[in-house]
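> So the protein lines, in turn, are chains A and B.
Heads up, the working numbering is the position in the first sequence plus 573, with the first residue counted as 1.
Heads up, the working numbering is the position in the second sequence plus 1, with the first residue counted as 1.
Quick caveat, the hints were computed from the structure, so don't treat them as lab data.
None of these values were measured; they are calculated from a predicted model.
Cβ coordinates follow ideal geometry from the N, Cα and C atoms, glycine included.
Just so you know, not all the hints are guaranteed correct.
[Unchecked claim] According to the in silico footprint, chain A covers these stretches of chain B (three or more CB under 8 angstroms from chain A):
#: 1; region: 37 to 43
#: 2; region: 47 to 59
#: 3; region: 67 to 81
#: 4; region: 88 to 101
#: 5; region: 224 to 236
#: 6; region: 253 to 260
#: 7; region: 295 to 308
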Amino acid sequence: MIQRRRFSIIRFVIQVILVAVGLVMVFPLFWLISTSLRPAPELLATPPQLLPQHWTLDNYANAVAAAPFGTWLLNSLIFATISTLFILLTSLVGGYILAKFKFPGNSFLFILILATAIVPFEIYMLPVFLEVQALSLINTLPGLILPYVILSYGIFFMRQNVLASVPDELLDAARIDGLSETGIMIRLVSRLLAPAISALAIFAYLQSWTAFIWPLLVLNDQKLFPVQLGLAQFNSSVSVNYAVLSAGAVVAMAPTVIAFLVLRRRIIEGVTLTGFR
Amino acid sequence: MIASGTIGRGLHRVRSILPSVPPQRRRTYLFAYGFLAPIVALFAFLRIFPIVYTVILGFFNWSLVSPDHTFVGLDNFINLLSDPNFQTAFINTTIIALGTTVVSIALAFFVAAVVAYGGGKIGGLIEILFFLPVVTPLVPATLGWRSILDYQHGVLNAIFGVFGIPNQAWTTDPTLAIVSVIMISVWAQVGYNMIILLVGMRSIPRLYYEAAAVDGASTWRQFRHITFPLMVPILLFVTVITTIQAYNVFTQVFVLASDVQGAPGYLVPVLVYDIFQNGFRYFNFGYAAAEAVYLFLVVIVLMLLQFRLFNRPTD
């Protein structure tokens, strides 16, 4: 009994420590929001205050007036949406065919896709740049999106899911019922894979929304920047103080942070399901 | 010879299949090849070719701005070994990768263990708090960190000041800048590692612990002899993924060194930044590609290591 109580006290202390560390984890986000809501003179307060003394939204107005954040957000939205749609399509079709059709070269192709899945983009970005240059797509949105239309891991992930949750009998039954192969894929397989598709969609969206080095390489026209690159450039422009900068940073991070807070069960399940980031 | 034989046999197999299959089956083959072809083409164009071409580029003196591309053999690879920029970048990146991996996994393991075995009702809250950094884009996150690490007005130095520790130059001192990069990388990675480890811990059957408890094993012994051994494969997976990720550190370094209010931070030389520099500032694509090949070798070694350890018979 005594031991039990001592154990629960230790447990309580550990839980308190854990929550404290957890608060440290969200502190940078809190700090950006708090900084973005204070007038410039308060930035120089020593010691720094946790909350603004005079709350203001001026920094947001100044940030939006000084840089085209609206355009940048729209570019990010276009980039992430098109990339996600392509990745879903190529992963679903590729994964389904690799899982359910036997043809020479099937397993070789599968191993090749799996092997490239782990190679980071930074390693082969130079030739991708040369290709995009050869296609005259440097400094264009299609050039930005092109490397993001397929995801090796996505194809692998979908193949595993098809193997796990699409029985052959069902496919044969659909064929006997006269459904075309394309119809089977669109109507039947995609429905059976709905959870996997949404997990992959979340991952793909996050990937392009947070992308940084490729946009940096391929774009130089500010009007085409996705918001992360725009923010990085805004950050080194003259006459920007931390308050205005923080307002811009909040704008750049808000979409994914809000999406996470709304869909957090889904997103965490998605990560555990896909195992990638 | 061998290759052509294999292809020949493959073709033969296709030919022998095609006439014998009913039209229905043949349609399914057409379907499979027809839909797979564009995907394979994209895959070859955007992944296979660039990876292979990176290695080829490494053997050339390849300028981005002039048309002279000369084969120079192993020159780039050899010159890199005595290039102080490359050496510094390689050492720094390795320190950052090791630091990030060790700290983020140790912390993630601790947090996951508490949530899995003694979390009570706070598990959900902890998941949110630790996972938020994972979904936060690195550019705004690093800007937040930069302001926290600010020499004069930063929160971190203010907290240090309470304990009488003098202000530290987190973003401008070469050594401390590396510490700062590790801090940001750990912050961004630990939530992901925790979630993966948590899944592993939750999948260990309760029965094992109950049986051990009946036999009188203490909590620590249960942890040591049940949890830990069963978690080794997952720990290994997380270690390799984290190390590969950390070796590609770039955004944190780039933003941390950026110029805010006329005060640029110290630029920590790391591999990807050096590749970026050689390729896009000096237009020396061959040299940059050779550097990327060295980074590729690190990734390959890490992967082989994982396969080796994974296939080790459990003792």
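> Look at each hint and say if it fits the structure.
Checked hints:
For a cut-off of 8 angstroms, the count of residues in the region 37 to 43 of chain B with a CB near a CB of chain A stands at 4, and the three-residue condition holds. Requiring three or more residues with a Cβ within less than 8 angstroms of a Cβ of chain A, the coverage given for the region 47 to 59 of chain B holds, as 9 such residues are present. A count of 0 residues in the region 67 to 81 of chain B with a Cβ less than 8 angstroms from any Cβ of chain A is obtained; the coverage claim is therefore unmet, three being the minimum. Coverage of the region 88 to 101 of chain B by chain A is violated. Counting CB-CB distances below 8 angstroms, 0 residues qualify, and the rule asks for three or more.
Using a Cβ-Cβ cut-off of 8 angstroms, 0 residues of the region 224 to 236 of chain B lie near chain A, which falls short of the minimum of three, so the contact claim is violated. With 4 residues carrying a beta carbon less than 8 angstroms from a beta carbon of chain A, the region 253 to 260 of chain B meets the three-residue requirement, and the given coverage holds. With a threshold of 8 angstroms between beta carbons, the proposed coverage of the region 295 to 308 of chain B by chain A holds, since 4 of its residues qualify and at least three are required.
In summary, the structure is inconsistent with hints 3, 4 and 5 from the numbered list given earlier, while agreeing with the others.
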